[in-house]
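Make a model of the complete structure from these sequences and hints.
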Amino acid sequence: MTQSTLYAPQEPVFPRKVSGRFRNLKWWIMAITLGIYYITPWIRWDRGANLPDQAVLVDMANRRFYFFWIEIWPHEFYFVAGLLIMAGLGLFLFTSAMGRVWCGYTCPQTVWTDLFILVERWIEGDRNARVRLYNARWDLKKWRLRLFKWGIWLVIAVATGGAWVFYFTDAPTLLTNLLNFSAHPAAYITIAILTATTFLFGGFAREQICIYACPWPRIQAAMMDPDTITVAYREWRGEPRRHSAEVKDGAEQGDCIDCMACVNVCPVGIDIRDGQQMECITCALCIDACDDVMEKIGKPRGLIDYIALSDEPAERAGQPPTLVWKHILRPRTIFYTAIWGAIGVGLMYALFIRTDVELTVSPVRNPTYVLQSDGAVRNIYDVRLRNKTGDDRTFHLSLTSDEILRIDLEGADGLRTVQIPADTTILQRVYVTARANDPAATIAMTDLRLWVEDIDTNERASRNTTFNGRDQ
Amino acid sequence: MSDRKIDKETGVETTGHSWDGIEELNNPLPRWWLWTLYACVVWGIGYSIAYPAWPMISGATKGLLEYSTRGQVASDIAAHNAQNEGLVAELLAADLTTLAPTSDLHRYANARGSAVFKAQCSQCHGAGAAGAVGYPNLLDNDWLWGGDIENIVYTVNHGIRNDTDFDSRYSEMPAYDDIFENDEIAAVVEYVISLSSTEFDADLAEAGVDLFMDNCAACHGDEGLGNRDLGAPNLADAIWLYGGSRQTVEYTVRNARYGVMPAWGQRLSDEDVRAVSIYVHALGGGE
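Protein sequence lines, in the order shown, are assigned to chains P and W.
Residue 215 in the working numbering is what sits at position 215 of the first sequence, and the numbering runs on without skipping anything.
Start counting at 1 in the second sequence, then tack on 1000, and there's your number in the working numbering.
All the given hints hold, so there is nothing to weed out.
No more than 25 angstroms apart at the CA atoms, straight line, and that leaves these computed lysine to aspartate or glutamate pairs for DMTMM-like:
hint, chain 1, residue 1, chain 2, residue 2
1, P, Lys299, P, Glu312
2, W, Lys1005, W, Glu1024
3, W, Lys1118, W, Glu1090
4, W, Lys1118, P, Asp382
5, P, Lys388, W, Asp1104
6, P, Lys142, P, Glu11
7, P, Lys17, P, Asp255
8, P, Lys17, P, Glu207
9, W, Lys1118, P, Glu410
What follows is a set of in silico ranges between Cβ atoms, one per label pair, in the way DEER data are often shown:
hint, chain 1, residue 1, chain 2, residue 2, range
10, P, Tyr38, W, Gln1083, 36 to 42 angstroms
11, W, Tyr1242, P, Asn464, 33 to 39 angstroms
12, W, Ala1111, P, Ala444, 29 to 35 angstroms
13, W, Ser1245, P, Ala444, 21 to 27 angstroms
14, W, Ala1111, P, Asn464, 27 to 33 angstroms
15, P, Met445, W, Glu1181, 45 to 51 angstroms
16, P, Leu147, W, Ala1074, 49 to 55 angstroms
17, P, Ala350, W, Ser1245, 52 to 58 angstroms
18, P, Tyr38, W, Asp1007, 55 to 61 angstroms
19, W, Gly1071, P, Asn180, 29 to 35 angstroms
20, P, Pro12, W, Ile1045, 35 to 41 angstroms
21, P, Pro331, W, Thr1015, 55 to 61 angstroms
22, P, Asp374, W, Tyr1242, 15 to 21 angstroms
23, P, Thr176, W, Ile1045, 39 to 45 angstroms
A few chain P residues facing chain W, derived, Cβ under 7 angstroms:
hint, residue
24, Pro367
25, Val370
26, Leu371
27, Gln372
28, Ser373
29, Gly375
30, Glu410
31, Tyr431
The hints are simulated quantities; they were obtained by calculation from the structure and are not laboratory data.
By construction, the Cβ of each residue, glycine as well, lies at the ideal position given by its N, Cα and C atoms.
Given below as structure tokens:
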């Protein structure tokens, strides 16, 4: 009786240690990205007495986002949207040029998995020792090694979740509160969730996250084309593989000696010689492993290499491949770079023309105008004034118009100035009046511009609006 | 059982159903699914004990936690009231004539008053406080009974021509339908129109001067500027509560008009009266 089933249990993966230039590059990237992640919340940035001094802070409670010298208010969320679009386009650009470099080098899943495997190798030994331990009985030694490993993983996981919450409130204060158990439950819950996901994803799920949970591999597959530089096996050079039995035949041999080094180092457990695969995150560790072997047997490096598939016909014919930059510089990547740059320039422009003084005007249209006892016509405007500086400021309001109009501020006794505390927004009721027989009172509509000026710095901003007369 | 059918390919029992020779395997439920179901059952039992769940004759079981959404709302409101206790006490103690418009207390009172206004006042005075025919516009600078904060508080508290409040603002214009002849009424109307308009019949208005002085000026003043102590409108300004056409003025002279307003002091708390007064005062016309 045959058992026909489509289910296959997960094969555990035990990546072997490897060294080489790509491995070194990945160590550096891991150090830099983890460094940025853990250290950033602790960088201080002096913004004066009224504002937080944390360089990078997502202050949800007060609806502010601080990034060094930049402060984003909720109505400026387009900066965040623009950055997200740039991040997306950046991924498109890198994927069409160099395949899944994001996955192989900088994705948090890859970086933390690398870190967890480093710990695993330090405690349990390299690939063969780990396979032995995996198959061994659960004796005292196995328990000891496993518990030690899990303990270290847990420390890393707690630090990961812990670092995340520091981005959302003052880090030194929160750390103190966390340690004496007086922090908000949200902090503990967030740390607990991120600790659990880091521990599980980095320690146990690993490549299964990439294969089953992450949508990005599918999207990336659609973005690669024959000119994309990607990790591949030069099958035309390596095949037929040199098995010891065939050597005696004296038949033609490829460069591949079927040593399985490329398979043993693979963190997703595939054989790159089978061609491009959905599982491959292009971490390039198989390149390091194979180059090492090629050097030992006196063959040229690059049996497994970063190559573009469009070079295959030329390489088969013995010609040199197209230069790398020619693969990378093509209309598609230039287009991505151009719109990425355009959005970047647009955001920078928006950032530099931004003022610390802002107003928005919402004309009160219930009623459209108010008739005064002397026949004058008054319009009311709800003006939202923003003081984005770290100091209390005095703003002066004025208007410009082709017609004669008078501006008054509710509660301001004719001075037309209003005090605005640091880093706040207030709603000021503003009255604009036209005398009974002036044109603005009699015609239907008059254009006007409301100005706000910081009387200390003379920084100012304006908004256009309209004035309704009696002739509605 | 003897009639168990086993599928030859997989060795799994079949349900015995067969469609065109295709048989249905009777695989057991996956363990994780089954355990999730059991966990949900346990959760459900615990939930129905802890929270209101089982319908009874006069309502559902209360649950051990005695939770109710109504109670939740009540406790939310109580929490907010407790939070605002200090501000409310300040509001009740404050001298409203000197309360700075930029103060936190003023902002709180204005926001609170806005809510009171929309719930209680907007039905007559309009959501934007622009009023309607017969209901004064609260945005302009024309006040029947006075537009400073103390007068507004008094009006809100005691209402206008309100029988239930002894201190209510009260005045009554006579209906001149039975007192004047028709030509006298026409003359008085023309004179009243002439106080605020340039388009009138000078002779007819002239004929109304003496009638006005004898009958109307006692309340409306010799120059028709009104009298706030009596709630008598200013007849010389551009604002008409019931409209400024000859027909409307004539109707008013013949029949008189009595706007009324509830005495909100009977229905609202002191802090709400003060808050809504501050709100109205800050709408643009406050004096």
